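J.: The primary structure of each chain is shown beneath.
There are 2 protein chains.
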Amino acid sequence: MTPGSDEYYMKMALTEAEKAAGRDEVPVGAVVVAAGTVIARAHNLTETLNDPTAHAEMQAITAATSYLGGKYLTGCTLYVTVEPCVMCAGALAWSQVTTLVWGAPDPKKGFTTTGADILHPKTEVRTGVMAEECSAIMKKFFRKKRDNS
Amino acid sequence: MTPGSDEYYMKMALTEAEKAAGRDEVPVGAVVVAAGTVIARAHNLTETLNDPTAHAEMQAITAATSYLGGKYLTGCTLYVTVEPCVMCAGALAWSQVTTLVWGAPDPKKGFTTTGADILHPKTEVRTGVMAEECSAIMKKFFRKKRDNS
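Those protein sequence lines, which keep their order, are chains A and B.
Residues 15 to 163 in our numbering are what the first sequence lists, from first letter to last.
Residues 15 to 163 in our numbering are what the second sequence lists, from first letter to last.
Only chain A is shown next, with the shape it has when bound in the complex (with noise of 0.2 Å):
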């Protein structure tokens, strides 16, 4: 895995999954990089927090604006196990973040599956890194769920 590629850095959002499915939380991870630093890291923690708006992308682009002083993404990447939802691909928009890149689809509850042109129309869009990974993470959730139910 080459340090800097898109491998890497969904390998440390899929790490910030981990924490969620420790947690009981949906395993979705997400990092903020900017200028090959990572300025934030964040997993979902709906549960955790009472809050429906706590997914990992919401967390990051929060830290990362935070961190930045600023409310723009700009010059950023973000990185997310899994394609985000209505409200988090809403958030990202605001944030006009330059580059997003996601794992696994999600055709339930991505945004893809509005048609909407939701995303900053200067947003680059990378998808189906480490996919299959970031997809298991989900499957071994929900199927752990199920059993237990």
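To be clear, the hints were calculated from the coordinates, so they are not data collected in a lab.
It cannot be assumed that every hint is accurate.
Copies of one chain are not kept apart here, so a pair can be met inside one copy or by any two copies together.
[To be verified] Calculated pairs, SDA-like style, for lysine to any residue (alpha carbon to alpha carbon, straight line, at most 25 Å):
(1) K123 <-> T51
(2) K159 <-> Q110
(3) K158 <-> A77
(4) K33 <-> K123
Remember, it's a predicted structure, so these values are computed and weren't measured experimentally.
Got chain A sorted already, so can you dock chain B onto it with the hints?
T.: Frame of chain A, contents of chain B only:
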């Protein structure tokens, strides 16, 4: 103005919007009501917090779910002075809020401009409550911005 009416709570949301204007923030305010009790009040703080996710609705959702101790707003009504954007509508969908009431439409950034079904299918929507007042505070803010630029 009848206590407990839509106008009654929208007036509270407008008071929040005025607080935002006082901080040089785009003046949008929101309140969440559960069983006749206001459980959250919030206004836009994107500039103050350097956070594009800090819309009035997002903060109101976070505060209300925190108060209720769960991640859903079933049984609640969220009042907001302006039609929610895609991000906020997506968050409201996750919250499964029972009723959403907004004042002024947002023909540029309102979620209805996407044409997509973003809200939870069970969420009831009422619009146009004190629309003139909710719109006037926005127009005044942007006019002042233009005059000062």
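J.: Among the hints numbered above, which are violated by the structure, and what are their numbers in rising order?
T.: 1, 3
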